[in-house]
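**Student:** Let the hints inform the model, and build the full structure from the sequences given.
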Amino acid sequence: AIARAFACQPTVLFADEPTGNLDRHTGMQVIDLLFELNEQNHTSLILVTHDEHLAQRCQRSIHIHDGSIVEDELRELAHEGE
Numbered sequence: 002a003i004a005r006a007f008a009c010q011p012t013v014l015f016a017d018e019p020t021g022n023l024d025r026h027t028g029m030q031v032i033d034l035l036f037e038l039n040e041q042n043h044t045s046l047i048l049v050t051h052d053e054h055l056a057q058r059c060q061r062s063i064h065i066h067d068g069s070i071v072e073d074e075l076r077e078l079a080h081e082g083e
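In the working numbering, the protein residues as written are 2 to 83.
Hints in this document: simulated from the structure, not taken from any laboratory.
Any given hint could be a false lead.
Claimed, not checked - Computed beta-carbon distance windows for the label pairs:
1) 47 to 69: 17 to 23 Å
2) 71 to 24: 28 to 34 Å
3) 33 to 8: 16 to 22 Å
4) 25 to 69: 29 to 35 Å
5) 31 to 63: 19 to 25 Å
6) 61 to 28: 26 to 32 Å
7) 74 to 15: 32 to 38 Å
Idealized CB from N, CA, C, for every residue including glycine.
**Tutor:** In structure tokens:
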């Protein structure tokens with residue numbers, strides 16, 4: 002499914018709970034691949050997740066509770082190799 006999603010070279014890719022039904026190890030492999038392809042293809046990646054560790058890897062996270070935005074956080078991310 003990931004290869005199919007990137008095959009058409011989208012400018013924006015939506016992933017709704019991409020690790021939802023996966024074990025932790027496989028989930029981390031999927032997320033690492035998504036972020037790697039995201040960087041290589043300069044794609045905007047929009048994730049929906051309940052995983053706080055995954056949210057912390059994102060440049061921006063918006064927390065929603067009962068349909069309302071309760072937090073909108075933009076963070077500086079360190080680039081690999083720095």
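**Student:** It remains to establish, for every hint, whether it holds in the given structure.
**Tutor:** Taking the hints in turn, this is what the structure says about them:
1. 47 to 69: 17 to 23 Å: holds (19 Å)
2. 71 to 24: 28 to 34 Å: holds (30 Å)
3. 33 to 8: 16 to 22 Å: This hint holds: roughly 19 Å between Cβ atoms.
4. 25 to 69: 29 to 35 Å: This hint holds: roughly 30 Å between Cβ atoms.
5. 31 to 63: 19 to 25 Å: holds (22 Å)
6. 61 to 28: 26 to 32 Å: Distance hint for residue 61, residue 28 is violated at roughly 21 Å.
7. 74 to 15: 32 to 38 Å: violated (20 Å)
Hint compliance for this structure: hints 6 and 7 are not met, and every other hint is.
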